[in-house]
Amino acid sequence: MKDPKKDQLCVEKYKELLPNLADYVEYYAKKKPKALAIIEHNTGEKVTWKQFNTSVSAFAAKLLSIGLKKGDIVATSLPLLKEHIYLMYACYRIGVIIAPLDLRLKTKEIQYCLDRMKPKAYFFLGKTPVADFRPMIAEVMKTSLYVQYWVQFQKEPEFIMEGAIGVADFVKDIKKVFIKSLITGSVKRARKKVQKRDACLIIFTTGSTGSPKPALLCHEGILVQNIGLAIGFELNENDRFLVNLPPSHVGCTTEQLATTIFGGGTSVILHIFDPRISLEAIQTHKVTCLGQIPALFNMEWLLPNYKDYDLSSLRFAIYGGQAVSREFLVKMKSMAPRIGTGLGLTETSGFCTYTDVDADVDEIVQGIGYDMPLCPISIREPMNADGRAGREKSKGEIGEICFSGPQIFSGYLNDPDNTKKTLSKEGICYTGDLGYYDEKGLHFAGRSKLVIKPKGYQVYPDDVEHHISDKLKGKVNMVAVVGAEHNIFSEAIIAFVEPLQGADVTPEDVMKACDDISAYSRPSHVEIVKPGQFPLNRVAKTDYVLLKEEAKKIVERLRGEGKWDKAKQ
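Residue numbers for the sequence shown follow the working numbering, beginning at 1 and rising by one.
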């Protein structure tokens, strides 16, 4: 970090580190049992540390009672309910690995994720006022024979699916099971078997192959990241942190939530992100810290009554996920007196660089933060063919951005090939990004992956291109998608589609073909290219550089027509 004293503090804190994420729930339950651990803004319910710890142990006892054990996997498709957090930390406590999936995933995407993990239990939403998830789950049920327990979060018994158990029925005996566990010591015995390097969380990430990969994160890795965030950004027990990101991302689960629990603060949770409700929660509960991706800040600032909200309790605001303009930072500085950012990756369990807490706008513009001694950065040559890390480059020299240390993930589940491409034999993690490091911190020089980041999500062009080609098979010749600057989403997707000679394909056809993929993967604009005019490079491959330039021109035109930079594109 920029301050050497903070580096030393990180090292000292590491020596005191408890081995299990759930140990911190128990620690604060003993230290300050009546203090607030969670405020669930959507319901108004408040949970003390003692209640939190009891709920975690009760859920842990229930999971053990149905035969789950260390190393088993539980998947979820749930919003950030307090019960979801209890389940998550119950899994941590007894060594079960939890895998929260994105609620935006469609049938094929859910099936892909489940097939990669083969969970023994799956907790999911049923019929809600917003959407009915049951038809998708019904399709997934047919082929996911490895799932032994289908637990549906549904209040109305008449909507419970055949083959599933409602969550109310699932937990109806939880008090009895919990009391029995206190007598038998089952939860304590299970906890003793869990070590700090044991996997506890699976987060799906998009990597160089373009397909989502299940990254295995361990207790120690997440907790070391919590040390960095807490010390780097000076978070403390008196803070109230707004937790409003999806639990399927490290931004929520390991950064916002786990760091607040690690530090003994209060987590103010939202079931699902909403710009108005986020500001309302800050005002109502006197939230002191906020961490979001740029797109979410933009959505809040665009609210017509944004200035009517009392945000004076905010003392620190963090952004991450994408580069921003100086104007963005100025706006952010007007929201909170102190602001910060850094590089955050799934493979590093979250944040791995940190800007100085007292940095002004101009300083933050110059770089994306400093590393810490528990997760040191190195700029290197590409990985060698034998799997060893490339030569480390000199200060200021551009190369592959790498990290090492206990914060690094354990690898991709059942995917040794992709793990070897990311982790060297020495344990050096290659991020896939290019940059250099000097006395002003880390600086990006470009991406070695063609990843697009709409709304902070990661989308690889191949996935969208193949989907459109498959859905419009026999009608299209070529498809390419690129990212384009967007003032709300930071980056939005533009699809270029060349129909086959004589075929009739409209932008509406392409958009319709994307109905069954996650919303953040869908194009915001479709450009139809005349047959034979698709841009190719000298080796007859899609010329993405040319398409990116063409996308800029399209954006200029659309902006002039008032058809770009909208919250709903």
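Derived by calculation from the structure, the hints in this document are not laboratory data.
Check the hints yourself; a few may be wrong.
As the list claims (entries may be wrong) - Pair ranges (Cβ atoms, derived):
| # | residue 1 | residue 2 | range |
| --- | --- | --- | --- |
| 1 | LEU18 | GLU139 | 38 to 48 Å |
| 2 | PRO507 | ASP169 | 42 to 52 Å |
| 3 | GLN501 | GLU139 | 17 to 27 Å |
| 4 | GLU156 | PRO376 | 46 to 56 Å |
| 5 | THR128 | LYS552 | 14 to 24 Å |
| 6 | GLU556 | LYS425 | 30 to 40 Å |
| 7 | LEU536 | GLU156 | 29 to 39 Å |
| 8 | MET511 | LYS395 | 19 to 29 Å |
| 9 | LYS552 | GLN366 | 50 to 60 Å |
Even for Gly, the Cβ is constructed at its ideal location relative to N, Cα and C.
Results for each hint:
1. In this structure the hint that LEU18 and GLU139 lie 38 to 48 Å apart at CB holds, the actual value being about 42 Å.
2. Between PRO507 and ASP169 the C-beta distance comes to about 47 Å, which sits within the given range of 42 to 52 Å.
3. With their beta carbons about 36 Å apart, GLN501 and GLU139 fall outside the hinted range of 17 to 27 Å.
4. Checked against the given bound of 46 to 56 Å, the beta carbons of GLU156 and PRO376, roughly 53 Å apart, stay inside it.
5. Between THR128 and LYS552 the beta carbon distance is about 39 Å. The supplied range of 14 to 24 Å is therefore violated.
6. Distance hint check for GLU556 and LYS425: the Cβ-Cβ separation is about 48 Å, which falls outside the suggested range of 30 to 40 Å.
7. For the pair LEU536 and GLU156, the supplied restraint of 29 to 39 Å is violated, since their beta-carbon distance comes to about 55 Å.
8. Separated by about 48 Å at the C-beta atoms, MET511 and LYS395 break the suggested range of 19 to 29 Å.
9. In this structure the supplied range 50 to 60 Å is violated for LYS552 paired with GLN366, their Cβ-Cβ distance being about 25 Å.
In summary, the numbered hints that this structure violates are 3, 5, 6, 7, 8 and 9.
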